[in-house]
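**Student:** Start from the sequences and build out the full structure, keeping to the hints where you can.
Line order of the protein sequences matches chains A and B. Residue 13 in the UniProt record's numbering sits at position 13 of the first sequence; the count goes up by one each step and never skips. Residue 86 in the UniProt record's numbering sits at position 86 of the second sequence; the count goes up by one each step and never skips.
Think of the hints as simulated: they come from the structure by calculation, not from any bench. Do not rely on the hints blindly, as some may be mistaken.
One copy or two, either will do: identical chains are not told apart, so a pair holds if it fits within one copy or between any two.
To be verified - No farther apart than 30 Å at their CA atoms in a straight line, the calculated lysine-lysine pairs in the DSBU-like style are these:
1) Lys95 with Lys317
2) Lys157 with Lys95
3) Lys250 with Lys155
4) Lys155 with Lys27
5) Lys303 with Lys250
Each chain, letter by letter, is given below.
Number of protein chains: 2
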Amino acid sequence: MGDVVENREWYLAAYCPEGVPTSEHLKFRTVSLSIASDSIPHNHLAVETLLLSVDPYLRGRLTGTLEGLFISQYQLNQVITVFGVVRVIRSKDSKYNEGDILLNRSAPVAEYSIVPSSDIARKIDATIGISLSDYLGSLGIPGFAAWVGIEVLGKPKVGSNVFISAASGAVGINAGQLAKIRGCRVIGSTGSDDKVKLIKEEFGYDDGFNYNSESDFDAALTKYFPDGIDVYLDNVGGKMLEAVLNHVNKYARIPLCGMISQYNKVWTEREGVRNLLNMVGKEVRMEGFMLESYWHRFGDFAKDMERYIQEGKVKSKNKINIGIESFLESLNSLFSSSNIGKVVVQVKA
Amino acid sequence: MGDVVENREWYLAAYCPEGVPTSEHLKFRTVSLSIASDSIPHNHLAVETLLLSVDPYLRGRLTGTLEGLFISQYQLNQVITVFGVVRVIRSKDSKYNEGDILLNRSAPVAEYSIVPSSDIARKIDATIGISLSDYLGSLGIPGFAAWVGIEVLGKPKVGSNVFISAASGAVGINAGQLAKIRGCRVIGSTGSDDKVKLIKEEFGYDDGFNYNSESDFDAALTKYFPDGIDVYLDNVGGKMLEAVLNHVNKYARIPLCGMISQYNKVWTEREGVRNLLNMVGKEVRMEGFMLESYWHRFGDFAKDMERYIQEGKVKSKNKINIGIESFLESLNSLFSSSNIGKVVVQVKA
Numbered sequence: 001m002g003d004v005v006e007n008r009e010w011y012l013a014a015y016c017p018e019g020v021p022t023s024e025h026l027k028f029r030t031v032s033l034s035i036a037s038d039s040i041p042h043n044h045l046a047v048e049t050l051l052l053s054v055d056p057y058l059r060g061r062l063t064g065t066l067e068g069l070f071i072s073q074y075q076l077n078q079v080i081t082v083f084g085v086v087r088v089i090r091s092k093d094s095k096y097n098e099g100d101i102l103l104n105r106s107a108p109v110a111e112y113s114i115v116p117s118s119d120i121a122r123k124i125d126a127t128i129g130i131s132l133s134d135y136l137g138s139l140g141i142p143g144f145a146a147w148v149g150i151e152v153l154g155k156p157k158v159g160s161n162v163f164i165s166a167a168s169g170a171v172g173i174n175a176g177q178l179a180k181i182r183g184c185r186v187i188g189s190t191g192s193d194d195k196v197k198l199i200k201e202e203f204g205y206d207d208g209f210n211y212n213s214e215s216d217f218d219a220a221l222t223k224y225f226p227d228g229i230d231v232y233l234d235n236v237g238g239k240m241l242e243a244v245l246n247h248v249n250k251y252a253r254i255p256l257c258g259m260i261s262q263y264n265k266v267w268t269e270r271e272g273v274r275n276l277l278n279m280v281g282k283e284v285r286m287e288g289f290m291l292e293s294y295w296h297r298f299g300d301f302a303k304d305m306e307r308y309i310q311e312g313k314v315k316s317k318n319k320i321n322i323g324i325e326s327f328l329e330s331l332n333s334l335f336s337s338s339n340i341g342k343v344v345v346q347v348k349a
Numbered sequence: 001m002g003d004v005v006e007n008r009e010w011y012l013a014a015y016c017p018e019g020v021p022t023s024e025h026l027k028f029r030t031v032s033l034s035i036a037s038d039s040i041p042h043n044h045l046a047v048e049t050l051l052l053s054v055d056p057y058l059r060g061r062l063t064g065t066l067e068g069l070f071i072s073q074y075q076l077n078q079v080i081t082v083f084g085v086v087r088v089i090r091s092k093d094s095k096y097n098e099g100d101i102l103l104n105r106s107a108p109v110a111e112y113s114i115v116p117s118s119d120i121a122r123k124i125d126a127t128i129g130i131s132l133s134d135y136l137g138s139l140g141i142p143g144f145a146a147w148v149g150i151e152v153l154g155k156p157k158v159g160s161n162v163f164i165s166a167a168s169g170a171v172g173i174n175a176g177q178l179a180k181i182r183g184c185r186v187i188g189s190t191g192s193d194d195k196v197k198l199i200k201e202e203f204g205y206d207d208g209f210n211y212n213s214e215s216d217f218d219a220a221l222t223k224y225f226p227d228g229i230d231v232y233l234d235n236v237g238g239k240m241l242e243a244v245l246n247h248v249n250k251y252a253r254i255p256l257c258g259m260i261s262q263y264n265k266v267w268t269e270r271e272g273v274r275n276l277l278n279m280v281g282k283e284v285r286m287e288g289f290m291l292e293s294y295w296h297r298f299g300d301f302a303k304d305m306e307r308y309i310q311e312g313k314v315k316s317k318n319k320i321n322i323g324i325e326s327f328l329e330s331l332n333s334l335f336s337s338s339n340i341g342k343v344v345v346q347v348k349a
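**Tutor:** Structure, rendered in structure tokens:
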């Protein structure tokens with residue numbers, strides 16, 4: 001490999017306050033990047049990108065305003081960054097060597113990049129039989145979100161009734177399996193009959209329903225939760241959250257992981273939740289969370305989850321799209337009901 | 001005093017699902033009650049009622065349905081019960097003697113009653129210079145609610161920005177003073193300019209606004225919270241809660257004490273809160289609470305609060321209505337914007 005590489009990358013051309021992001025907002029370009037040794041600062045690494053994680057929260061970084069999600073915004077004309085698996089080409093940090101495969105919390109959506117080693121979450125041991133894409137799924141953002149939601153905030157007990165929305169999404173698949181490991185009864189909602197079948201047959205959910213064929217969420221929850229809901233991991237917000245608040249048990253916990261039904265709308269057009277008063281009598285705790293506040297727990301999570309995967313207690317479903325050019329399409333697939341499991345872009349094999 | 005007394009009491013004649021309760025729902029009657037020694041079971045007391053506490057949560061016990069507030073309902077044709085100060089006439093419990101003045105968590109709204117001593121919260125020492133009505137205000141339900149909201153759930157730090165709605169109500173007056181003791185900047189909303197003046201001049205609030213003259217809550221909060229809100233003690237729900245969620249700081253806490261703006265409406269007609277998504281990015285914790293879950297902390301609270309009152313750090317505002325016949329009118333005064341401070345019915349001097 002020479003000292004200068006042709007580098008294809010996605011950058012932010014314009015913010016997208018509402019609706020689905022298009023190629024007007026995220027643009028693809030080719031630039032030259034010097035990876036010569038003297039272009040790499042101290043404690044930095046030149047890396048090639050293997051895999052990129054595509055997650056719903058990215059939508060919030062494209063709005064151009066803090067309003068609505070209060071998540072830090074991508075900068076105009078800059079390459080966007082995501083969670084990713086990278087391989088070291090050249091290292092200016094003694095902790096890492098050429099050829100090391102690393103998990104990068106802030107990987108540029110580019111074929112090559114020079115990154116500070118402080119962005120590295122962990123080194124990956126490719127010999128222990130876990131696929132690299134799992135490091136972005138069950139061992140990455142969605143797995144960590146599921147773990148924080150269930151283990152840290154939801155804390156269900158053996159026999160607790162747990163409800164998870166967007167159950168066939170990457171967070172939902174992991175969260176359902178974690179709740180089952182805790183001995184809970186777990187019900188999921190998802191967008192098609194096939195997905196309901198999938199979460200029951202492959203991911204251990206006790207039952208589930210298709211929210212597109214249930215006109216009355218309240219009636220559905222009455223049916224699936226005759227004993228009420230103890231923990232609701234909310235991934236959708238809006239009407240489903242409102243319906244859940246009519247079925248909560250005393251001291252129910254509602255970790256708010258994200259609200260995919262609401263991301264593409266400005267806030268005044270979002271669905272209002274009218275029954276928050278239920279939270280008083282039932283003493284419900286509802287709590288939003290962002291993974292940035294839980295990095296200090298990432299090691300605990302990774303240790304738990306690696307063991308569950310090796311013991312076969314957590315299974316994965318990864319959709320691998322080939323080629324960095326598929327990034328925008330991959331992002332938008334999260335907001336269509338066709339998506340199942342974790343979406344990953346494979347940049348290099 | 002003979003063995004049989006004429007006893008005037010308020011009982012529930014009909015549930016009131018929405019609107020303001022009237023004399024159709026709560027009726028007044030006179031019955032005979034035997035307080036003869038052999039009418040008093042073991043571990044029970046015959047008492048005369050001195051003072052009764054009138055609190056907004058009582059509204060929720062009159063709806064006839066658990067829906068909406070999930071608070072235990074009063075029983076039809078039975079005397080309703082509230083927090084009250086009573087004096088022992090005859091005791092069948094060795095811990096209490098004739099003449100003792102007691103705080104009863106579940107005092108019948110009647111002139112006389114026979115009650116289990118397990119309902120007694122504490123014995124009152126009438127010689128320490130605290131007025132009996134304060135035992136229902138700063139040392140009773142509203143003081144305890146303020147303490148749980150601020151000290152247990154809100155936990156503001158020195159310099160935190162604290163917002164309290166219904167600030168001139170009984171909970172608000174106590175909560176504002178507790179937050180000031182913690183060294184916070186405290187702003188209140190209340191229903192008139194006079195009340196704004198009152199909370200600033202008498203109860204230590206740094207500032208406040210009249211929600212009836214602010215057409216745009218969002219603009220008001222921008223003005224009063226240039227550095228955002230760290231703790232919001234919510235007593236009203238609805239539009240004010242929604243506006244607050246546009247001004248919350250990272251890790252803000254919102255203890256939900258009650259939602260007086262929403263009590264008299266069925267839930268589908270309540271104001272929807274559209275911006276719960278803000279709770280994700282700001283990692284906000286919103287938590288409903290009922291005092292029944294915090295009785296084990298009542299002793300800690302009473303010790304703190306008694307000291308604050310004796311040191312002059314917590315001042316009271318009690319509206320004392322004379323005569324048990326004023327109970328219904330006193331309850332409804334809570335839902336009119338004329339109410340200030342703690343409403344107490346004095347049954348016997």
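**Student:** Indicate, hint by hint, whether the structure satisfies it.
**Tutor:** Verification of the hints:
1. For the homomeric pair Lys95 and Lys317, neither the shortest alpha-carbon distance inside one copy (32 Å) nor that between copies (65 Å) is at most 30 Å.
2. Taking CA atoms no more than 30 Å apart as the test, Lys157 paired with Lys95 passes in neither setting, with 41 Å inside one copy and 40 Å between copies.
3. Proximity of Lys250 to Lys155 under the C-alpha cut-off of 30 Å is found in both arrangements, the shortest distances being 14 Å within a copy and 23 Å between copies.
4. In this assembly of identical chains, the alpha carbons of Lys155 and Lys27 never lie at most 30 Å apart, being 42 Å within a copy and 46 Å across copies at closest.
5. Proximity of Lys303 and Lys250 under a CA criterion of 30 Å is satisfied inter-copy only: 29 Å between copies versus 32 Å inside one chain copy.
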